[in-house]
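Q: Protein chains in written order, with my numbering: chain D, 1 to 340; chain U, 1 to 113; chain B, 1 to 532; chain F, 1 to 216.
Source of the hints: derived by calculation from the structure; they are not laboratory data.
Predicted model only: the values in this text are computed from it and were never measured.
Cβ coordinates follow ideal geometry from the N, Cα and C atoms, glycine included.
Some hints could be false.
What the hints assert, rightly or not - Derived contacts from chain D toward chain B, CB cut-off under 8 Å, selection only:
| hint | residue |
| --- | --- |
| 1 | F14 |
| 2 | I39 |
| 3 | V52 |
| 4 | Y55 |
| 5 | I67 |
| 6 | F82 |
| 7 | G92 |
| 8 | F102 |
| 9 | Q180 |
| 10 | S188 |
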Amino acid sequence: MFWFVPMAKANNTFMPPAASEVAQQVSSLYAFMLITSAISFVILIGGMLYFVYKYKRKTANDKTPYISHNHTLEFIWSFIPFVVFMVCFAWGAYIYMEMRDFKENALEINVYGKKWVWEFEYKDGRRITPTVDEAGQAVPSTMVVPINKPVKLIMTSAKITPEDKAVLHSFYVPALRVKQDVIPGRFSALGFTANKLGNFQVFCAEFCGTGHSMMMAKIKVVTQEEFDKWVLGDESGGGGKELTLADKGRQAYAKWACIGCHTLDGKPSTGPTWKGLYGSTRTFNDGTTAVANEDYIRESVWDPNKHIAKGFEPNKMPAFKGMVSEEELAALIEFIKTVK
Amino acid sequence: MAHHQQNHVENHAEHHEIPLSTHLKVFAALIGFTVLTVVTAKGMHFGAFNWVVAFTIATAKAFLVLAFFMHLKGDQRIFKYIIASSFFFVFLLFFFCVLDLLTRIPVTSTLPL
Amino acid sequence: MAGTGESYLQGERGIWSWLTSLDHKRIGLLYFFSVSFFFLLGGIFALLVRLELFSSGGLFPADLYNKLMTYHGAMMVFFVIIPGIPAILGNFFLPLQIGAKDVAFPRVNLMSWYCLMGGFILAASTLLLGRGDGWIGGVDTGWTFYTPYSISFKPAVILMAFAVFVAGFSSILTGVNFVATVHRLRAPGMTMHRIPLFVWAIYSTAILQVLATPVLGITVLLLAMENIFNIGIFDPDLGGDPVLFQHFFWFYSHPAVYIMVLPAMGVISEVITTFSRKTIFGYTAIAYSSVAIAAISFLVWGHHMFTSGQSEIAGITFSVITMLVGVPTAIKLFNWLATLYGGSIQFVSPMLYTLGFMFIFTIGGITGIYLATLATDIHFHDTYFVVAHFHYVMVGGTLMAIMAGLYYWMPKMIGKMYNESLARLSFVFIFIGFNVTFFPQFILGNMGMPRRYHDYLPAYESLNRISTIGSWLIAFGFVIALYSIIDAVINGSKAPMNPWGAKTLEWTTQSPPPHENFEKTPTVTAGPYEYR
Amino acid sequence: MSTDKSPGHHTAHHYNSAEHEYSTSKEGVWLFLTSEILMFGGLFVGYIIYSNIYPQVFHEGAKHLDWRLGALNTIVLLTSSLTMVLGIYYCQHNDRKKAVLNLAITILCGATFMVVKYFEYSHKIHEGLLPGMWYHGPVPEGVSNIGLYYSFYFMMTGLHGIHVLGGMGLILWVLLRAQKGEFNSSYYTPVEGVGLFWHLVDLVWIFLFPLLYLVG
Ligand code: HEA
Ligand code: HEA
Ligand code: CUA
Ligand SMILES: [Cu+2]
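Chain D extracted, bound-state conformation (with noise of 0.2 Å):
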């Protein structure tokens, strides 16, 4: 259960190591705070069990001497804490323009939230959104980058079809200690160079509904040669093969968000699960059934809002009707239908 002991030994802090010169910049400020404060905290919980302990009543009708006021000690009190509060304004002002000091010849990327899964695209037109491995698992969006290069990123936060609401979401990588607000209908910067390799976690920091604490995404830190290689390679696009109609299905899972909101490993998420889903009965709110067969699929996907399933709330699913292609229902049907 104490796992985290070691852990905070190793770092001083309980923060994840540090993956990025600016991070432990702002551990070490941390570090200055935590030991002023338990100075402070010292003299003033230490000083009040020491008076209460010497002070104690005594007999019923204890005399005590009449001190209404000392200037000097109001001063003192005053002024110190006063000095304190602005070192540490001054030390985070520091640390703070240097983050948000973007470099000229970053490598920049842009990072769409969507209810609810972060995308990433690159110069070269890459975009990168969750996937499925083979195994059926999830795999978070991951967004690579290499090692002692300044990274920018461009932010901002998209619908997923034209009539639904974009929110807030913030985009927020503990190890890196930076984290920025994704807002609809403008953008947003954020700025790092790490220099640790490694997979980083990325958490949505800003409340965006059902599926916020879900909406994680992973920065991988390579080295530079790794990183030409990666642009270079096909790992995350997958161009150029000949897909099958499930693999197309698969991809359009992803690249539609419908793995935001449905899982395929049976448990229930914003959706229900596809795991089983086709050719068994629904129950509706209504308390009417339906198989679900390729057409109940495509009206699902369309004209979500017709038939709610039971235990779920209308309105959450977006209509895709125009926005999903007739080839890509297609092949979504037949992905679903291998979702055993």
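Knowing the structure of chain D, use the given hints to seat chains U, B and F with the ligands on it.
A: Structure of chains U, B and F with the ligands alone, referenced to chain D:
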């Protein structure tokens, strides 16, 4: 009803009466200002100064209403402070919102979107 | 004039006489009952929130969790902790402490209680407004109602906005009433420099209530209109700026956190002098620091928005001003410490709660500084570190002070003494339970667990378990506290006029006080805490 | 002035004189007005900010307003303010008839104001000049969110209109009491308080008029 002594420091408002004629004059001034603001806004063109002119006139009118119709003139000081604080805090809201909006650096993307 | 010797509890009887009473003491008790009820509800929501977080994976669907979390926050903030001290203890003791017979506008006072109840009824009815058939509805936006999430046509949000508007109106009316009372109704000789520090605190709070709450009013009104008519002021689809909503919201909601804590600090000042049997150290410093906190609190709201997309310059400005708020707060804490020095300290439960307040509030306040520092807040914002911070100041600070105040003044309010050992027991459970619940959340925040998550990575599980167990301890503590209050009402021994040997005016009248508060309006000749 | 002889009124028990009650009540009203100003203030701040972000929207939007009606309403409200003041004046001078007459004119002016507003509103609704998403009037070149102007227009005038209606109700209340002869030179606190509220409504309009109708 017991009639005890309470502290009278702030409690003796002179029921300050403003004579009728003053009210009529103030009313005339207000109408005059209204005509003036219409004339300056519709008849003349100061460009960006339109704002300034209109607001100056409106503020002048507001002063008249506050001082005479609302009897602030000659009334207890505390009322003036109270009302002044309300304008001050509206200004604060305005100031810091504008501070943010004016100093935002727009983020532009060099990527194809 | 009411007969001498008859207390305000006697005389007219029956529910109706209470519901139409204009007596500030009865209205104070009305507030006590309703706020306790709201607190119980909010607490149950909290326990369910913690239950869900007991393990990774989860019990409730995400939507249900989001609603629980929202109702917990909204309930606690708008219906428990903002009316809390001013409306219960302030109502009861503000007039008594300045030697007045009532608040300035008794009718408005009663109306403000009805507004709060009206607000509550509206808030409760949001539960019925879902978006589907057969689904329990409700608001799931978090208590901050950030747009555009809150404006994607949600009928429940409309009602909730009106609920907050009406409850806010109650707060404004209370504020107006108290400012006028302090300005105008002080007994002869009760100069501003002789009013007890509790009155100073309530007075500063009342100013905040009058000046800040209306902006919340207009903000939630716009929010409701946004939902009904899509007016687009905060809707990016129609050219609005969602960040502006945050500015408007926090213009109120930051001062609101001082509406919550200033009265608590007032209670602490009273209790600490009484049980040290020593005059307060630095009366003027404490009094003026209340006013200073109230004034500065209007200039710092942007510290909730460091990552929101506001400009860097605005962020830095807000950060530096926020630091200034810490100074008057530090002044208060150190003055209390100095008051203890050389005192004759009695360990009864109000004092225990007060010492608990100092312990916990110091941690909460200091972590506030971490959040006010830009670089660290970028990491901590919207993580459990923030959750821990505000529970340390609100639960550990304000709620502790409410308990201290209730026990301190209970002999005066109901004329009965409570059972000391029960009260101490409640303190032990609440104090320990509190730290067990919320200290791990600081660590969770450090580790990066975002707030408002209904499910989390397995790495966060063990600390969350500790936290959930702690929440049961707090709940148990409050149950004991509730029991001890009921026990006092039923079995308590009769309280003397001044059981603690305190010096302020409320202790110079009988317990419980008569309708008119004092047989004869007192004349004041010295400061409030003359222990010579 | 501290005598307590007004026929219909007894100073409440917690005040020590009529004078005391009067000035305390007045302070209460002023404090309340402060909060009203902050509430409207929020809208004004929003208006100013957006009119600077989208100058065209506000320029084009204001074109559809008829400043003559606005000016008419300004004059109506100013007149009502004057009669309100006179109402108080005559209460102070124990002239019941004139006081009631002036209060009645004030209500009438308020009603006139609302009637004019009604015509303005119905005209706008007819033309499709509606807030935000509902706007379906003419869309000028290069302006995509002209509905924003009408959002502010309707919010501000709507909230103001509600205050006018509330003010009319309050004036009716003091009018009836004045009719019964409850007010005199030593007790007229409610008239004074309602008067302050009514002037605030006027004050808001003094700023709304140039903002909405003139500078655009
Ligand atoms: C009772 C309520 C209360 C109080 C009193 C405070 C007090 C303070 N708060 Fe807190 N705060 C909240 C309630 C409160 N807060 C709530 C509810 C939220 C979250 C809202 C939400 O998002 O849902 C919040 C969030 C919040 C944030 C935003 C975090 C984020 O979302 O990213 C910040 C940032 O600056 C902050 C700062 C402060 C500061 C600087 C103080 C200061 O006033 C504290 C001053 C006190 C001290 C500093 C301690 C005493 C001083 C000493 C002992 C001297 C020695 C100390 C040192 C040398 C360090 N608070
Ligand atoms: C006054 C404010 C207040 C109080 C008292 C509390 C009390 C508690 N809070 Fe709450 N909390 C908030 C204000 C408060 N909270 C706010 C504003 C949020 C943010 C919401 C948001 O994100 O939008 C929040 C969010 C919040 C979260 C984060 C949710 C999330 O981000 O996903 C958690 C999680 O642990 C939590 C837990 C608790 C617990 C365990 C208590 C416990 O201390 C509760 C214990 C109390 C009881 C169990 C009740 C027992 C009562 C009685 C028996 C009656 C007694 C009567 C008398 C004594 C008279 N709270
Ligand atoms: Cu996206 Cu939270
Ligand atoms: Cu704050």
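Q: Any CB of chain B closer than 8 Å to the CB of F82/D?
A: 5 Å, holds
Q: Verify the interface restraint on V52/D: the C-beta must sit less than 8 Å from at least one C-beta of chain B.
A: 6 Å, holds
Q: So, I39/D near chain B? Judge it on the closest CB pair being under 8 Å.
A: 11 Å, violated
Q: Holds or violated: is the Cβ of F14/D closer than 8 Å to a Cβ in chain B?
A: 4 Å, holds
Q: Just to be careful: measuring from the Cβ of I67/D to every Cβ in chain B, is the smallest value less than 8 Å?
A: 6 Å, holds
Q: Taking 8 Å as the limit, does the beta-carbon of S188/D come near enough to a beta-carbon in chain B?
A: For S188/D, the interface hint holds, since the closest Cβ of chain B sits about 5 Å away, which is under 8 Å.
Q: Does the interface hint hold: is Y55/D within less than 8 Å of chain B, judged Cβ to Cβ?
A: Nearest chain B Cβ about 5 Å off; hint holds.
Q: Would you settle whether the hint for G92/D is holds or violated, based on the nearest Cβ-Cβ distance to chain B being less than 8 Å?
A: 3 Å, holds
Q: Would the hint on F102/D stand, with a C-beta cut-off of 8 Å toward chain B?
A: 11 Å, violated
Q: Double-check Q180/D for me: the hint is only fine if its C-beta lies closer than 8 Å to a C-beta in chain B.
A: Holds, about 6 Å.
Violation of the numbered hints given earlier is confined to hints 2, 8; the remaining hints are satisfied by the structure.
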